[in-house]
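Top to bottom, those sequences are chains A and B.
The letter at position 51 of the first sequence is residue 115 when you use the numbering used here, and the numbering goes up by one with no holes.
The letter at position 91 of the second sequence is residue 1494 when you use the numbering used here, and the numbering goes up by one with no holes.
A portion of the hints provided could be inaccurate.
Here are the simulated lysine to aspartate or glutamate pairs, EDC-like style, with alpha carbons at most 20 Å apart [what the hints assert, rightly or not]: (1) A:K101 to B:D1616; (2) A:K102 to B:E1560; (3) B:K1899 to B:E1809; (4) A:K101 to B:D1608; (5) A:K102 to B:D1616; (6) B:K1899 to B:E1933; (7) B:K1636 to A:E117; (8) A:K102 to B:E1600; (9) A:K101 to B:E1602; (10) B:K1523 to B:E1499; (11) B:K1636 to A:D128; (12) A:K102 to B:D1608; (13) A:K102 to B:E1602.
Some chain B residues close to chain A (C-beta under 7 Å, calculated; not the full set) [as the list claims (entries may be wrong)]: (14) L1483; (15) I1486; (16) T1488; (17) P1489; (18) Y1564; (19) P1566; (20) N1612; (21) I1614; (22) Y1639; (23) P1886; (24) G1887; (25) P1964.
If you're looking for bench data, these hints aren't it; they were derived computationally from the structure.
Even for Gly, the Cβ is constructed at its ideal location relative to N, Cα and C.
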Amino acid sequence: MSRLNVVLALVLVLCALAVIQAQHRARNYFVELERLKKEAHALDEQWGQLQLEQSTWANPARVDTLARTQLGLVAPSPERVHVETSDVETLVGAP
Amino acid sequence: MSYQPRNSRAHQLLKLNLAPWRMVTVGGLLLGGLVLVAGRAFYLQGLHTDYLQGKGDEVANRNLTLPTHRGQVSDRHGQLLAISTPVESLWARPLELKLSTEQHAHLAKVLGMSPQELSKNLTHKTRGEFAVRRPVTPEQAVNITAMGAPGLYLRREFRRYYPAGEVAAHVVGFTNVDDLGQEGVERAYQSWLVGREGERHILRDRHGNTIRDLAPIKTAQMGGNLALALDLKIQYLAHRELAAAIATHKAKGGSVVVLDAKTGEILALANQPIFNPNNRSNYQPDLMRNRAVIDTFEPGSTVKPFVAAAVLERGLFTPDSVIQTPNNFRVGTKLVRDDHPHPQLTVTEIIQKSSNIGAAKMAMTLTPQQFWEVLHRVGLGEKPGSGFPGETAGLLRPPGTWRPVEQATMAYGYGLSVSLLQMTRAYMAFANDGEVMPLSFLRREPQEITGERVFSPAVAREVRTMMEAVTQEGGTGQSIHVPGYRIAGKTGTAHKVLNGSYASDRYLSSFIGMAPASNPRLIIGVVIDEPSDGVYYGSSVAGPVFAQVMGASLRLLALPPDAPETATRMTQAAPAGATPTVVARVGGGM
Chain A
65 MSRLNVVLAL VLVLCALAVI QAQHRARNYF VELERLKKEA HALDEQWGQL QLEQSTWANP
125 ARVDTLARTQ LGLVAPSPER VHVETSDVET LVGAP
Chain B
1404 MSYQPRNSRA HQLLKLNLAP WRMVTVGGLL LGGLVLVAGR AFYLQGLHTD YLQGKGDEVA
1464 NRNLTLPTHR GQVSDRHGQL LAISTPVESL WARPLELKLS TEQHAHLAKV LGMSPQELSK
1524 NLTHKTRGEF AVRRPVTPEQ AVNITAMGAP GLYLRREFRR YYPAGEVAAH VVGFTNVDDL
1584 GQEGVERAYQ SWLVGREGER HILRDRHGNT IRDLAPIKTA QMGGNLALAL DLKIQYLAHR
1644 ELAAAIATHK AKGGSVVVLD AKTGEILALA NQPIFNPNNR SNYQPDLMRN RAVIDTFEPG
1704 STVKPFVAAA VLERGLFTPD SVIQTPNNFR VGTKLVRDDH PHPQLTVTEI IQKSSNIGAA
1764 KMAMTLTPQQ FWEVLHRVGL GEKPGSGFPG ETAGLLRPPG TWRPVEQATM AYGYGLSVSL
1824 LQMTRAYMAF ANDGEVMPLS FLRREPQEIT GERVFSPAVA REVRTMMEAV TQEGGTGQSI
1884 HVPGYRIAGK TGTAHKVLNG SYASDRYLSS FIGMAPASNP RLIIGVVIDE PSDGVYYGSS
1944 VAGPVFAQVM GASLRLLALP PDAPETATRM TQAAPAGATP TVVARVGGGM
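Please work from the sequences and hints to get the whole structure.
Structure (structure tokens):
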């Protein structure tokens, strides 16, 4: 009887320690989770800023000016364009 | 069990020989200490519990607001048109504000203003807090934080940016300082774009880490994103060509609308004059008006194709019926005139040469009710249903109130008013074989839409063929070409109303057309307000804008040319041996 008591008391102590351990780990994970959430939020904001930057660089007005002035690009004249079409149907429309 | 009785004589030596006062003193001290501790405990626990609990919670318990931000607006390919991004702004609390002369000079330098200017900025007579500079750049923010001056602090705010700037300004609109949509799509879809802030109740430890949630989290709801039907590249083209035309013709303003003929999506919508949505310091409501949607004008000759459709559909005429168009045609007392009179014209030629007499004569064969019904069916006098804030229905009076002369003038576009968007939408009836698709500023999947049948496919095609003749030899728009494609359209030149009567020298030039004419994919409407360099015909003012935007848009969409011979003809004119150097691959056409 008393021996069983000793064993049970031991188990109880072990369980209590395990609870403490689990609680501690839960807290650590929670802190980690919070940190990562914050990081995700910051990255999200950064992504927005990068998108903004990208769209500023890719602004058609800017691309147009650069292409014409710096790169000297021009639209090809119709006689320099050869059209390949895989779909003949679309050419045969209403008269 | 084994204790000795207290009064046992055997333990005489153990008997305490203490003076009673000592007992009393020690006992009293201990008791006094106890009372003191108990009293203090009662004082803290019982009387001050609320205050102390509050203090404790202030450190450990926190209510957090979870920030949210307004959704993005992008074009149909995901190019950004509006985005909210966090920025720092500099605020000051005047009561706490203490700046040494040195700090003052430093801050002025960081903000790029003179110390005098800064002093003026900082002397606010408010007790609360005020913004010194919003927003500040990230570098400025770092510098200001480093100063650590009391009373100055940075606050995080979301600011709305419009990367496309003025190019898409009229469609996208803008928000005010409170993040409320004021104009355009920003206003129309306010409830979708706006986010809802969330809330969390948390417990924190000494280091400021969150330990656990004390209440269920109310998650923040981010603002919804919007994909518009707009194609930023076509939008830019429309904007560029319109701006160029306004400058050459010294016009007051103008608009361009580009519609997808198959889906009713608004691919581009540009207006002049413009405004910059990123900098609205010089607020001028006049510039912000989306003229294409909100302003009305008398359409002039662009109404004529509907007259033709109305008489064809009733079988009153065929495209080849000949109509006498003498130059003395009167309705009541009103003499209907043509700028270039012809004794007789076929129905096709009436459209091609834009004869007012012919159009009026055709319209007079209908009853007012019948004529009204056709105009009403294509959407005149009704809101076009784009959902844009403030869109106009134009004016189409009920047929019961029409006098005969009005029925005649309406046939060539006077006595009714429309918006450019409305008119361009109406042309969808011809472009899409008689079916008008509902307009949309938002991108849509083709299967989502059901159109509204307005004309039979046969009538729509017949009128389209007539409109193709407009851009061919002998038509009012014969100068309008898009190499490689067949185009159909109608010119319009209308006198403006000034002080209640028609001004002889003020015009609205318009052109509405579609391409490829064999199976139209795009409809473009152009209107130019008061061109004042001497040229005012729709074909020479609005027409070139149409041709430029149409040509470039068809190339962008890689649509197969339906008139390759027009390009071939030019090849023969090109120097011999010129080999094609660009190969454009076009797929299934869509």
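Given the hinted pair B:K1636 and A:E117, is their Cα-Cα distance within 20 Å? With Cα atoms ~18 Å apart, B:K1636 and A:E117 stay inside 20 Å; holds.
Given pair status - B:E1602, A:K101, alpha carbons within 20 Å: Cα-Cα ~15 Å, so holds.
Status of the B:T1488 interface restraint (C-beta, 7 Å, chain A): holds (5 Å)
Answer holds if the nearest beta-carbon of chain A is closer than 7 Å to that of B:G1887; otherwise answer violated. The hint holds - B:G1887 has a Cβ within 7 Å of chain A, the shortest such distance being about 6 Å.
Does the CB of B:P1886 sit less than 7 Å away from some CB of chain A? With a closest approach of 4 Å, the B:P1886 hint holds.
20 Å limit on alpha-carbon distance, applied to hinted pair A:K101 and B:D1616: holds (14 Å)
Identify whether the interface hint at B:L1483 stands, where standing means a beta carbon of chain A within less than 7 Å of its own. holds (4 Å)
Can you verify the interface hint for B:P1964: is its Cβ closer than 7 Å to any Cβ in chain A? holds (6 Å)
Does B:K1899 pair with B:E1809 here, judged by a C-alpha cut-off of 20 Å? Cα-Cα ~17 Å, so holds.
Hint consistency between A:K102 and B:E1600 [alpha-carbon to alpha-carbon, up to 20 Å]: holds (16 Å)
Holds or violated: B:K1636 with A:D128, Cα cutoff 20 Å? Judged against 20 Å, a Cα distance of about 10 Å means the pair holds.
Satisfaction of the B:Y1639 interface hint, Cβ to chain A closer than 7 Å: At about 4 Å, which falls below the 7 Å cut-off, the nearest Cβ of chain A leaves the hint on B:Y1639 intact, so it holds.
Hint check: no violations occur; every hint is consistent with the structure.
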